[in-house]
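Each chain, written out:
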Amino acid sequence: MELARKTRKKSLITLGILVVLIFISFLISLNIGFSRIAPIDVIKTLVGAGTEKNALVLFDFRLPRIVIAILIGAGLAVSGAILQGVAQNDLADPGILGINSGAGLAVVIFIFFFQGSTTTLGVLSIFIMPLAALAGGLIAAFLIYTLAWKNGVTPVRLILVGIGVNAAFGAALIIFQLKMDPSDFMQTTIWLSGSIWGSNWNFVLAVLPWILILIPYTIYKASYLNVLNLGDEVATGLGAAVEKERRILLFLAVALAGSCVAVGGGISFLGLVAPHLARRLVGPRYQIMLPTTALMGALLLLVADTIGRNILSTSEIAVGIVVSTLGAPYFIYLLMKTN
Amino acid sequence: MATKESEEELTLTQVEKRQDKITTRPFIATLILCIGMVSLVFCLGASISLGAVDIDFNTVWEWLFYFNPELTAHQIIQEIRMPRALAAGLVGAFLAVSGAIMQGVTKNPLASPSIMGISAGSAFMIAIAFAFFPGTSYFGLMVWSFVGAGMAACIVFMVGAFSKGGLSPVKLALAGTAVTAFLGSISSGIAIYFNVAQDISFWYAGGVAGTQWISVQLMIPIAIIGLLLALILARSITVLNLGDDVAKGLGQRTAVVRVLSTIVVLLLTGAAVSVAGTVGFIGLIIPHLTRFLVGVDYRWIIPCSAILGALLLVLADIGARMINPPFETPIGTITAMIGVPFFLYFARREGRGL
Chain Z
10 MELARKTRKK SLITLGILVV LIFISFLISL NIGFSRIAPI DVIKTLVGAG TEKNALVLFD
70 FRLPRIVIAI LIGAGLAVSG AILQGVAQND LADPGILGIN SGAGLAVVIF IFFFQGSTTT
130 LGVLSIFIMP LAALAGGLIA AFLIYTLAWK NGVTPVRLIL VGIGVNAAFG AALIIFQLKM
190 DPSDFMQTTI WLSGSIWGSN WNFVLAVLPW ILILIPYTIY KASYLNVLNL GDEVATGLGA
250 AVEKERRILL FLAVALAGSC VAVGGGISFL GLVAPHLARR LVGPRYQIML PTTALMGALL
310 LLVADTIGRN ILSTSEIAVG IVVSTLGAPY FIYLLMKTN
Chain X
10 MATKESEEEL TLTQVEKRQD KITTRPFIAT LILCIGMVSL VFCLGASISL GAVDIDFNTV
70 WEWLFYFNPE LTAHQIIQEI RMPRALAAGL VGAFLAVSGA IMQGVTKNPL ASPSIMGISA
130 GSAFMIAIAF AFFPGTSYFG LMVWSFVGAG MAACIVFMVG AFSKGGLSPV KLALAGTAVT
190 AFLGSISSGI AIYFNVAQDI SFWYAGGVAG TQWISVQLMI PIAIIGLLLA LILARSITVL
250 NLGDDVAKGL GQRTAVVRVL STIVVLLLTG AAVSVAGTVG FIGLIIPHLT RFLVGVDYRW
310 IIPCSAILGA LLLVLADIGA RMINPPFETP IGTITAMIGV PFFLYFARRE GRGL
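Chains as they are written, first to last, in my numbering: chain Z, 10 to 348; chain X, 10 to 363.
Okay, chain Z solo, but in the shape it has when bound:
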């Protein structure tokens, strides 16, 4: 009991530190950017006493983007945590498995057929886009699951099939992309490499409900992830409907990844790195690990986006590029360590 209380205390402290770090990053991110706004002015503007220009920059450009970074960072991280639990493989990630590219393909097709030009996106389509992405992600997940099915699904087969499906979607994406006019092409290229492209409040409203419903629901389902981790036989013995729960959890992961991809593009490796770091900090119990993962993902993506916006002062680097540049080496490190 003593030990449990200690771990619990430690976990709560970790969560607290993460929240503080997110808040600090949040302030720094507000502070720097194309035009620098002094911290005192930021605070003034936030309480409604700043200049009109600062208010415009902060409320209409920076704040929604920051909020989106936090939301989809949390969403992708939790999605990765679920996939790792379901596949019982530490190297699973929506990007590597091809779920991102499925969602991405659906969005690109949607833009290609229904919009003509991404610059004229209507408000309504912003809300339809997560649905399109969800459909794409589900199709990808379904394809991977069925193609990997052969008297059950082994993790190795799941990952290899995912890589293959990813390649197929990648090829299809290029075909559509090259048919676009140059400005759309540029837009989708930036977006596919993972960029928070729609930084206005409508996009926040489009993803917020997904994140607000799905992440708490996942945490509610955490006990099943714990049980699944014990292996199928033990899980069945404990009375869990393994296959059914697995499918529900898979759906949750896809829904989270899909809605995040619709707004943030193909950000890979975040879903891999965040759960790993969280597991290191608070251990493998999903009840506490999932919230930590969500906060960790939010923090990482916020920092990555801030770096991407500012590393080269004249131009932005898509956040996905920053994440993969930092995440891929970590992935390789994990790959070398696991047996």
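It cannot be assumed that every hint is accurate.
[Claimed, not checked] Derived lysine to aspartate or glutamate pairs resembling DMTMM-like cross-links, with alpha carbons at most 20 Å apart:
1) 253/Z x 241/Z
2) 173/X x 99/Z
3) 188/Z x 337/X
Hints were generated in silico from the structure; no laboratory data involved.
Starting from the known structure of chain Z, arrange chain X on it as the hints suggest.
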């Protein structure tokens, strides 16, 4: 009694399988070489005659023997179609032979230039050249491409060397994916920042459209050196494929064979990517197909892979023009569409083949 029978059956099938494994089929191989050569010549002719302007075989024939620079058709053949067709053939052969060598030396069925991230390394360096040294010559691009291929190969090999339990096929695929993602994301960062995204993207997707004679001229010495070296190495690779111990027992200097093989792979892959971008899956499918057809002797596998690879890419390039005229479909997407089902079949067989 029943179990004994089934045991006997099992061993019988096992023996059959083992015999099947060490079989070489020189007759089929010779057949592939001969028929392949003829088909290749025919497909090259078709590649020259088909396109935005159809040119009949007669004109191609005339061009070959009575070249007349006044005629537009002859000019098209001379300046556009011919280098393109030859480049497709050479790139296909290069990638297929690279894949065959890699699979033979590493005994890893998934080893191939695009899956191991070697193509991505090459493409990465080309992106750097595009962005920072816009006036780089073809020769310069090829050198960059070799450097990139070498760099990526080093990374993947190092991951293999330092990882617990070595590089299993799955780990190799994952390491390749990660290296590809890493180099790819930096490449696209460079592409977006320097505003050369569409140039690089089209090139990266792979294609031999717009190949000029200079590329073909630069590829020919590489073809001669690389393919000749591959053929010389072929016997040693066959032995190495039986396992290091066997190879050493037979007095082979395995390290030398590995180093030379790596050089050949880098030469061929670097050249192929510098001309056509990343054309995936050829280096994976063709060697498997060839092994299935001709058996395990690399003295047959390498030349047959070269012919079949050339044939497949010339056909894919014709497809690239015909699918959606007048637009070009990137050839890399066509090879991916052919390659992915094969890859999936392979992934499902994991446990046996892998």
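Hints violated by the structure (numbers, ascending): Hint check: nothing fails, all pass.
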